[in-house]
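If you read the protein sequences in the order shown, they are chains A, B and C.
Numbering that gives the first Met the number 0 applies: residue 0 is where the first sequence begins, and numbers increase by one.
Numbering that gives the first Met the number 0 applies: residue 0 is where the second sequence begins, and numbers increase by one.
Numbering that gives the first Met the number 0 applies: residue 0 is where the third sequence begins, and numbers increase by one.
Don't read these hints as lab results, they were simulated from the structure.
Hints are not guaranteed to be accurate.
To be verified - BS3-like mimics (lysine-lysine), calculated; alpha carbons at most 27 angstroms apart, straight line:
#1 Lys154(A) to Lys33(B)
#2 Lys46(A) to Lys46(C)
#3 Lys46(A) to Lys33(C)
#4 Lys252(B) to Lys97(A)
#5 Lys33(B) to Lys97(A)
#6 Lys97(B) to Lys46(B)
#7 Lys97(B) to Lys154(A)
#8 Lys252(A) to Lys97(C)
#9 Lys252(B) to Lys97(B)
#10 Lys154(C) to Lys257(C)
#11 Lys97(C) to Lys33(A)
#12 Lys58(A) to Lys252(A)
#13 Lys58(A) to Lys46(A)
#14 Lys257(C) to Lys97(B)
Claimed, not checked - What the simulated footprint calls covered on chain B by chain A, stretch by stretch (three residues with Cβ under 8 angstroms from a Cβ of chain A suffice, anywhere in the stretch; the number is not a length):
#15 103-110
#16 134-147
#17 151-158
#18 176-185
#19 188-200
From the three backbone atoms N, C-alpha and C, an ideal C-beta is built for every residue, glycine too.
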Amino acid sequence: MRRLAATLFSFSLFAGGAIAADQAPTQGANPMLKSEEIRAVAPALEKYAQQFLQGDLWKRAGLSPRDRSIVTLAALIARNQTVELPFYLGLALDNGVKPAEISEIITHLAFYTGWANAMNAIPAAKNVFNSRNIGADQLPPASGPQLPLDEAAEKQRATRVGEQFGQITPSLVQYTTDVLFRDLWLRPGLAPRDRSLVTVSALIAAGQVAQITYHLNRAMDNGLTREEAGEVVGHLAFYAGWPNAFSAAPVVKDVIEKRPR
Amino acid sequence: MRRLAATLFSFSLFAGGAIAADQAPTQGANPMLKSEEIRAVAPALEKYAQQFLQGDLWKRAGLSPRDRSIVTLAALIARNQTVELPFYLGLALDNGVKPAEISEIITHLAFYTGWANAMNAIPAAKNVFNSRNIGADQLPPASGPQLPLDEAAEKQRATRVGEQFGQITPSLVQYTTDVLFRDLWLRPGLAPRDRSLVTVSALIAAGQVAQITYHLNRAMDNGLTREEAGEVVGHLAFYAGWPNAFSAAPVVKDVIEKRPR
Amino acid sequence: MRRLAATLFSFSLFAGGAIAADQAPTQGANPMLKSEEIRAVAPALEKYAQQFLQGDLWKRAGLSPRDRSIVTLAALIARNQTVELPFYLGLALDNGVKPAEISEIITHLAFYTGWANAMNAIPAAKNVFNSRNIGADQLPPASGPQLPLDEAAEKQRATRVGEQFGQITPSLVQYTTDVLFRDLWLRPGLAPRDRSLVTVSALIAAGQVAQITYHLNRAMDNGLTREEAGEVVGHLAFYAGWPNAFSAAPVVKDVIEKRPR
């Protein structure tokens, strides 16, 4: 916790941050900007980061720093923004996201944001893991025991999607069942609520408005609260831009208002 | 064909792949990840690639390996994902896509995904062409004889778009006629059916749902089959993410159901 | 003006351009492609750039070269395309965009395209500023006097958004008021009309169709003309791809037709 506090209040780290000499970046894991580089172009940008990002946003109640880290990682990977990944991967570990969870987040996003997005996150994660001596023993296995499946709900989902699209794109329908809902979502290394948080964050960050309704309902079924959902939108305004936040807001409102209290 | 088989079954190549020493990458054409790098972060990601990508997706009937290569290149360029381009450019050549066709695909996507996306694909293509001794004699000329134009259909299209947008954005209307439909689409280096396949794949991969209807109809007029269209959606689920596939699916369904059998 | 003319007509510069030896790129500010590199892959791409981009688009009446530079920078930053940024930052300065305005454009886009997009533009801007001896004295201060605020209009906007989303995502509503409309938009370093031009260009370039109506109306309230709006769409067809232009066109048409003459 002391490390988290030190990180959150250290502006030079937050706005770009010197990388310690022993964390020499490897390919694909570029160091972030130094404060003086930002000031040499946009002094206001540094001020806003200090005042609103680390000075306010990350301290807001309603969404824990751990959840904010998960949301931020999902946004960066969904938007293929690798430059800031090393810093936010380190912050995620400081905020209590486990290495195994980071591994699962990257694997999950291969399916929900595109294979190359996940691959492009590997070098930064490898570098951060190396610098903290995180080895294979802390990673989830490629295969293993699964979480229990709600067969009735999954059958209902598969039937509905099959009726809609089974004649049009049988491969999509088949992979959705076999790979996503009977495999990926049952991996125990990331709690279903967190897996849903990753998914919803990636959808909002990539402007995938049409897919938010299903996954936000699933997220709230999995335990995400109304307040947390609203904070995710406000958090992503900074990390994915105001337009994505405002395009998501009406859908989030509609989902929340239609759910039974 | 032997080379294709060797490539498809060689997991280490497929999931990241060692680059042969004589293919030293140039600027903008970074080597892909090695298998041990992926395993150091996400062992499951490597398993899924082996099991579902090269073990299943690329072998499915309904869309040829050559077409899958075209779809994949369009998705990567549309999404500005250059890291995996060298591998997939090589695979495309192995799968029978000609150098001249790759040249046309990149030029075509300058217009359909943004100029910088095409420019960013140049270094990787140059490197792959160099490593295979593909010279200027195998590339299409900057200008030359054109495919025949269906003047009646083009006049109808131009009139419709002109009535819609001619008063609002005359430059868009004019360039669409002069550059796209009376020039780019008539270049003989890429068959109209393949040019349409590139266009539809780029639209789905970039989430440009509103533009799919026109171009999928054009693609099917140009010879793309129903089955192929459905396989394109399933293929792009992996390379552009499930949300893009599921946002495209209802539009693809609507187009297919409204076309005369 | 002589420098602008020289730049616009120098094809080798425009299509990729040799970087002068004294402009050695720093990290994140890669040099653009040389003409022979483009020709080694796609000879037609070079021809189209010469014929339609510098030969026609940038010379069209209806939108000044300065405005076209602002639109292009907004598109590149919104789409996180850093490779061509150094060239277009230099062209913007040649076209009369002031260093302080470039600084404000980058800061503005942190909020309207995502924080990392702005951060990723810093290295290229720093390099271009350095190479032209542009120092801190030419940059806007982090804080300072603000433009006057239309309190009635802002109160109306805040009330409307608060009623819509205040219960759902209070953080988004609060930051929108405090950071955007009572701070960022009042910074004097970029005229409101230009700030709106940046915003609308970024929205179109990133496919944020749902947010265009509000901001295009605001842009026209701030002085953007009908003709300029139409030229922005045509310009962005090249820099953000035809699909984004055609998805924006109906919205632009609707906004223009509904406004009082």
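Right, here's what the structure says about each hint:
Note on Lys154(A) and Lys33(B): the hinted pairing is violated, with a Cα-Cα distance of about 38 angstroms set against a maximum of 27 angstroms. Taking the CA atoms of Lys46(A) and Lys46(C), the gap is about 45 angstroms. The hint is violated against a cut of 27 angstroms. Between Lys46(A) and Lys33(C) the CA atoms are separated by roughly 38 angstroms; this puts the pair beyond 27 angstroms, and the hint is violated. For the suggested pair Lys252(B) and Lys97(A), the alpha carbons sit about 42 angstroms apart, so the restraint of at most 27 angstroms is broken.
Note on Lys33(B) and Lys97(A): the hinted pairing holds, with a Cα-Cα distance of about 24 angstroms set against a maximum of 27 angstroms. Restraint check: the Cα-Cα separation between Lys97(B) and Lys46(B) comes to about 31 angstroms, which exceeds 27 angstroms; the hinted pair is violated. A hinted pair counts as satisfied when its Cα atoms are at most 27 angstroms apart, and Lys97(B) with Lys154(A) does not qualify at roughly 44 angstroms. Annotation: proposed proximity of Lys252(A) to Lys97(C) is violated, straight-line Cα distance about 42 angstroms (limit 27 angstroms).
Under the criterion of a C-alpha separation no larger than 27 angstroms, the hint pairing Lys252(B) with Lys97(B) is inconsistent with the structure, at around 31 angstroms. A threshold of 27 angstroms between alpha carbons decides the hint, and for Lys154(C) with Lys257(C) the separation of about 23 angstroms falls inside it, so the pair holds. Our distance criterion of 27 angstroms between C-alpha atoms is met by Lys97(C) and Lys33(A), whose separation comes to about 24 angstroms. As the CA atoms of Lys58(A) and Lys252(A) are separated by approximately 24 angstroms, the hinted pair is consistent with the 27 angstroms bound.
Pair hint Lys58(A) plus Lys46(A) holds up; C-alpha atoms about 17 angstroms apart against a cutoff of 27 angstroms. Restraint check: the Cα-Cα separation between Lys257(C) and Lys97(B) comes to about 50 angstroms, which exceeds 27 angstroms; the hinted pair is violated. Residue count for the region 103-110 of chain B with a Cβ under 8 angstroms from a Cβ of chain A: 0. That is fewer than the three needed, and the coverage hint is violated. Using a Cβ-Cβ cut-off of 8 angstroms, 0 residues of the region 134-147 of chain B lie near chain A, which falls short of the minimum of three, so the contact claim is violated.
Given as covered by chain A, the region 151-158 of chain B fails the check, having 0 residues with a CB less than 8 angstroms from a CB of that chain where 3 are the minimum. Here's how the region 176-185 of chain B fares: 0 of its residues keep a CB closer than 8 angstroms to some CB of chain A, so the rule of at least three is not met and the hint is violated. Coverage of a stretch by a chain is defined here by at least three residues with a beta carbon nearer than 8 angstroms to that chain's beta carbons; for the region 188-200 of chain B and chain A the count is 0, and the condition is violated.
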